[in-house]
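There are 2 protein chains.
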Amino acid sequence: MLKHPPVVKETDLPLLVDLYELAMAQAYWSEGMNENGVFSLFFRTLPENRNFVLACGQQHVAHIIESLAFTDEHIKRLESLGRFQPRFLDWLREFRFSGSVHAIAEGTPVFPQEPLLEVEGPVAEVQLLESLVMNYVHLESVLASKAVRLIFAAQGRPVVDFGMRRTHGMDAAHRGVRAYRFAGLAGTSNVLAGLDFNMPVYGTMAHSFVQACTGEMEAFRTYARLYPGTTLLVDTYDTRSAVARIIDWLQEEPEVRIGGIRLDSGDLASDAAECRRMLDEAGLGDVKIMASGGLDEYKIATLVSDNAPIDGFGVGTAIGASNDEPALELAFKLTEYADLPRMKNSPGKQSFPGRKQVYRRLDPNGRLAQDVVAGRDEVFDGEPLLKPVMKRGLIIEGAIPTLDSQVDDAKRALDALPSQFRSLEPAYENPVVISDFLRALQRDTLAKVRG
Amino acid sequence: MLKHPPVVKETDLPLLVDLYELAMAQAYWSEGMNENGVFSLFFRTLPENRNFVLACGQQHVAHIIESLAFTDEHIKRLESLGRFQPRFLDWLREFRFSGSVHAIAEGTPVFPQEPLLEVEGPVAEVQLLESLVMNYVHLESVLASKAVRLIFAAQGRPVVDFGMRRTHGMDAAHRGVRAYRFAGLAGTSNVLAGLDFNMPVYGTMAHSFVQACTGEMEAFRTYARLYPGTTLLVDTYDTRSAVARIIDWLQEEPEVRIGGIRLDSGDLASDAAECRRMLDEAGLGDVKIMASGGLDEYKIATLVSDNAPIDGFGVGTAIGASNDEPALELAFKLTEYADLPRMKNSPGKQSFPGRKQVYRRLDPNGRLAQDVVAGRDEVFDGEPLLKPVMKRGLIIEGAIPTLDSQVDDAKRALDALPSQFRSLEPAYENPVVISDFLRALQRDTLAKVRG
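So the sequences go chain by chain: A and B.
Going by the working numbering, the first residue of the first sequence is number 98, and it counts up by one from there.
Going by the working numbering, the first residue of the second sequence is number 98, and it counts up by one from there.
It should be emphasised that the hints constitute simulated quantities derived from the structure, not laboratory data.
You may find that some hints are simply not true.
Only pairs whose alpha carbons sit at most 25 Å apart, straight line, appear in this in silico DMTMM-like list of lysine to aspartate or glutamate [unchecked claim]:
id, chain 1, residue 1, chain 2, residue 2
1, B, Lys106, A, Glu170
2, B, Lys396, A, Glu163
3, B, Lys396, A, Asp421
4, A, Lys545, B, Asp345
5, B, Lys106, A, Glu163
Could you build all of it, start to finish, from the sequences and the hints given here?
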C-alpha cells in the first residue's frame, strides 16, 4: 500500500502550504499582530507571446477558502515538525477564514498590475492562504491563456482538448478542462472533466485498435457498426491508401455512415487537401476531416490561412502543458496592514500599495478602450471588475454565478478585446492606466520605507 | 457549493480516462478480442536541452492500476453519455486489471526508445489504463528531469524546492516533491509533500511579514526570538543596509543566533559577494547566504562557476513548471497482440514491436557504457532494467522498494552517468543500441502491415 493517496485529498488542502506561511502566522500570532491585512493577487509582467491573461479560478477558490480547516490529524503532523508552540497549534485548530474576498469574474482577460483577487482579513489568516490561492489560480489561468490563442488561430473551427496525457498531474487534467471552457474549446477527450464541467466529450479510436485488428478495414468496419457517424483514424499505416479503401467501401455499402476521418501525423495540409479531393470526387463531401498531432496556435494559424480543408483540430501538448509558457509571474502581495499602505522595494518588484479597484472602459463599439487601476474608494467611468465574493468568511449568496453563465460572460469579455490583443503577434500595447492616487500613494509609501 | 471537489478524488480516477479508450474497450469487447495486448511506455525523442529523462512514477502507478474499479455511480455517469451498451457497462462494472506489469526502477535515467513500463493483459483492460498511466508517469518524469539539472549545476550546494505556487495544480505540487527526491533536492517548502515523502521542510519569512512589521529590524528581532538560527529575508527594502543593520545588532547582542540571510532579487552575485565581505569582516563567517528569485540551472551554474559565496539555492518556477520543457514525448503503444508483434507506420512515429528488455552495461569504472534495447527473451550482458512489478493484477510482494531505498538506488544510477550526460550542454550522444532481433522484427512487421 502507498502511505499516501495517489492524489491530494480535499481534506489535506490545509497542509498544502509553504512552511514560511505557518512560520509567519505563528509570528503574527505571537506578536499580537491581528489587524487586517490586504493581499492582492496580480500578474507582474507577461511574456512576449501572451497579450493578456485569461484569469480563471479567482472566484472558485473561495470555495476552498471557505471550508479550509485543520483537523486533529493535521495538527499532530505539524507538531511533528517541532517548530510550533502548543498554543499556536490551538489557534490553528480553531482557524476558519473570517475575512472578505473581492474577485473579478472567471474568464476575464487581465493585464499586468491588475488585481484579480483581493483578500482582506486578520493578517495571519490571509497569509496562510498564499500558496494555495496562487497554485489554484495559476493553473487555470496559465492553461486558459494558452488555449484561447488556439481558439483565435482556429477562427471558428472547433478545437478539442486531447491534452490529458501531457497535463501536469490529474488535478491539472481535470481542472484544465474548466479553463478550456473559458477559452472557448468545443470539447474534451477527458471523460471525468467533461462530465464535471459540462463540456462535450469526444473520442473514437487510437492506433492501437487499428493495430490489434487483423487489418485496418476490419477496425473501420467494427467502428462504423458500433458507432454510426464515427471518425476514423487513417494514418496508422498509410493515410491516402486508407482513405482510398474507405471510399471504395462506402461506395459499395452506401448505408454505412462515417462522420469524419482524422489525420494524426505527416503533412497535414497536403494530406488534408488530397483526402478532401478524393472524398469530394467520390461524393463524400459530408465526411469531415479532423487533424491532430503536435498542433499549436502557429501551426493552426498556418493551416487556416492556407485554407487547408480541415474541419476541426485536436490539441494535446500545447494546451495540456501550455508548452511555450508553462508559468506566469503571478504574485500575492501584502498591500495594506492595519489600514496603512505597504509595499516592498526589491529591484524590479515594486508594486502598488493599498486596496484597489479596476475600471474597464469600453469604446462606443463595445471594445475595451482602457483599464484604470485605482484605489478601492476611487470612482472612475467604466465597469468595476472586482466584486465582493466573500464576507466574514462566507461566500456571499449569489456572488458566484453558475459555470455556464460564467462561460457566457467570459465569451463577451473576450469578444470585447480589440484585435491587437487577439493576435498571435505581440500587441506591444498596454491598456492599463494607474490612477494618480495610486502613484502618489506608491511615492509616499516608498519614501517612508526608505526613510 | 461546488458540484465537484476542488481536487480529483482517488475514487474518481477510473473516469479520468480519454473517451476513445472506453470506445475501444467496448469495441474489443463486442468483437470478442480478449487476447493479451502488450503496451509499452517510452519516450520517443528528447528536446535538445535534456540529455536523458529521470523516469519516475512507473512503479508507483501500479498502486493505481491495482485498485482501479468502476463504481455504480461511475457506471451511471458513463451511461449518461449514451454511447455504451448495457452489457458492456456490466463488463466495466466487473473490471479489475488482471494482467502483469514490468517496470524499471523509480529514478532511473532513461533514453529515447527505452521502455520504462510494459503492461500486458487482455487488450481492453490495458487500453483503459493508457491516459492515466501516461499522466501519472509524465508529471514526475518531467519535473525530476528538470530538477536534476539544477542539482548538476549547483555542484553539491543544496537546492530547495520553492515551486508550489507555480506547479500545475495541487497534484503536481504534491507529487512533484517525490520527483525532486529522486533528482536529489535537499528540501521543500511544501509541508504536506515534505511530510508525505519524507523530505526536510524549509521556510522562514516572506516580504509580507517584513512589510507588516513597523520596521524591518522588528521583523528580524521577532524571528530571531521565535526561531533561533533562522534565515532572514534581507531584500524587502535595501539589501546592503539591511545586512549592515543586522551586523550592528548581532554585535550589540552576541547571544542572538542567526543561521543565514536570503537574497531574493537584484544582482545575486554582487550582493552575495558584498554581504559575505560585510559578514566576514564582522566575524559572522558562520552566517550563511541563501539565494532565490527566478533561478534556473544556467543562472546557478554561472553563480557557481563565478564562485559567488552562496551556500544554497531556493528554486520555484524552473522546477515547479519545468519551464523550458514542460512536456516530453511520452508514448504508450501497442507492441504485441495475440502473440503477434504490432506497430504503426505513421511518419516519424514508427516504433519497435514486441515485448522488450533493456540491458544496461557499465564500464570498469562503473559508468554507463551502453544500453541494449532487446526482445524480452533475448539475453545480453548488463543489468536487465525492466523487472516484474505486477502479476495477475496484483503487485508482487516486495517488488516495489520503500521510497527511501528507491532514492538511494536513483542516486547510484545518476552517479553512473558519464559526464557528458550530466552536462547542461547537449550530449549529442545516444548510448542506446537496438538489438538485431528487434530491428529484424520491425522490418518484418512493417512488411506485413504495408502488404
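Quiz item: Which hint numbers doesn't this structure obey?
Solution: Violated: hint 2 alone.
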